[in-house]
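Chemist: Here are the chains, one letter per residue:
2 protein chains.
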Amino acid sequence: MKVNGRHYRTVWLAGSTVYLIEQNLLPFEFKIHEAKTYQETCRAIRTMLVRGAGAIGAAAGFAMAQAFLAKADTAKAKKEIAATRPTAQNLFYAVERVYNSRAPAAEALRIADEDAESCRKIGELGNSLIKSGMNIETHCNAGWLAFVDHGTALSPIYAANNGGKKVFVYVDETRPRGQGARLTAWELKNENVPHAIIADNAGAFLMSRGKVDLMIVGADRIARNGDVANKIGTLEKALAAKEYGIPFYVAAPSSTFDKNCQSGKDIPIEKRSQDEVLYQTGPTKHGKMEEILVCSPGSKAFNPAFDVTPAKYITGIITEKGIVKS
Amino acid sequence: MKVNGRHYRTVWLAGSTVYLIEQNLLPFEFKIHEAKTYQETCRAIRTMLVRGAGAIGAAAGFAMAQAFLAKADTAKAKKEIAATRPTAQNLFYAVERVYNSRAPAAEALRIADEDAESCRKIGELGNSLIKSGMNIETHCNAGWLAFVDHGTALSPIYAANNGGKKVFVYVDETRPRGQGARLTAWELKNENVPHAIIADNAGAFLMSRGKVDLMIVGADRIARNGDVANKIGTLEKALAAKEYGIPFYVAAPSSTFDKNCQSGKDIPIEKRSQDEVLYQTGPTKHGKMEEILVCSPGSKAFNPAFDVTPAKYITGIITEKGIVKS
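Residue numbers (this note's numbering), protein chains in the order written: chain A, 38 to 363; chain B, 38 to 363.
It cannot be assumed that every hint is accurate.
Pairs involving identical chains hold if they fit within one copy or between any two copies, as the list cannot separate such chains.
[Said to hold, decoys possible] Dumping the calculated DSSO-like pairs for lysine-lysine here, alpha-carbon to alpha-carbon at most 30 Å:
#  : residue 1 : residue 2
1  : Lys322    : Lys248
2  : Lys108    : Lys226
3  : Lys203    : Lys337
4  : Lys113    : Lys349
5  : Lys358    : Lys226
6  : Lys39     : Lys279
7  : Lys279    : Lys308
8  : Lys168    : Lys302
9  : Lys337    : Lys279
10 : Lys203    : Lys168
No lab work stands behind these hints: they were computed from the structure. Because the structure is a prediction, the values reported are computed rather than measured.
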């Protein structure tokens, strides 16, 4: 998608160098990181310079290709790459595919292209749900930054906007980490999609006043029964959407379905550091990055990172293969 | 209630001086402001050094008494005091009562005592809903800082805790202004009530996992049909509580009922500055207060300050006169 009017992917391979958008600097600085060796690409994955299932998978595939191109010990490299993030399914899949390929670089490029293409397809299919003039709410960042290109929840919005439909997006800021306020807003601004950031608290209010016509979110994992694990707060929005009769869609590549997971009850919920709630980081008006305390000193916080939205609250799941009704 | 182990009210009169907790410095600094003249008390109200319906009303009553004590032009003073905040019902009521009294200082003290007493009574009645071992969620700050003492939503919690019941409080941080994370957490810590701050997004998740037994919130205005206007995000919690069968109570003095208001549809919703969403202020680890940008530069925010929770989602309203079932 576009950044300052120019097209980018989140991660790409040119020669034997992997290029990655430094996502940990966004939205305050836009910078491309060059990883010249597979070890450097591993470091980029480990330090979360690149994030999001699809983008991590592509980066891992490229890292494996780099090991082949450098004639390194590829079995050792495979282990190292697989160990960069403990639970990233796409990462293991990509490393395995490239490792077993007879043309590793081509295979890695193919994985990245497939990710971009399935997201593009999600956009095309999801676009059919969007009418011109709609107000759409989204939660967290399921945009192109989490994939190689296009994204999932935002892909239908980009397809609609680029196709000339008028859309307006309410962006949940998505506390505690603020991926909506920081990444989704940044994406939408660069794609010239009209939008406003809202406090997460404002969602139900807007729905109750008829200000939201459609809600689209991403997914971290989808159980066999259609329950969806996604960023904390997704469940609240789904409940509000149900109450006010607003279509609530999940957009995710079919690889997000976990066949080993019968229902949402089987999905463990990560508890993250309380510091994500207690502190906030950003630039002062002088442009200096500062971390500040935003809570009462000495109080503790509890920080579950995901929640599970039961299938019964979900209108449908938009995948690259079609829209599955819940 | 207690601050560092000592008892305080939010505002009090001694001699002809009004003393006020500087609420705009909390939770990072605890300081008492001395207003020696009615004009100085007016300034404290205007600059929101004192906030909350009950506390503002008491401060306004004291200001009116100060004008009498100083033998000032009391008609002029009455106008000045009434103009400090445009929509504070308690303020007009208190000024009028003191102005028409034959013993202005005694009347002003009485107003403050009545406020504290009705909040204490709310605590006593609300305490009957609390069983030892309960987890209670609350939104925003309906604590003693918003009144003269005890508070509303937090008053039953203080009564339970002081009476030896074990309670644990989940404090919604309450974006964008963070009154939960800042003021409620500060109050609870000073009263030794076990608690954890949560991102507003985490409420429905905790409810879905059986972690919340009771929710109590305050109210800014209550319509004749029982619809409640309160801090943005209250509606989301009420919807989640209803879904998971969790009792959802509103605590407010009976003066919060607006007889001129038929239903929630008649309550105008204040839209506040987008800067409350875009920026956050707090101390760095070096103790320096800084304002930082927490959103993507150049994106706008939309900031409704209140929402309306329909009566059908409210289990009951705890007033000083009894608990009204919705």
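Chemist: Please write out, lowest number first, the hints stated earlier that are contradicted by the structure.
Modeler: 1, 2, 4, 6
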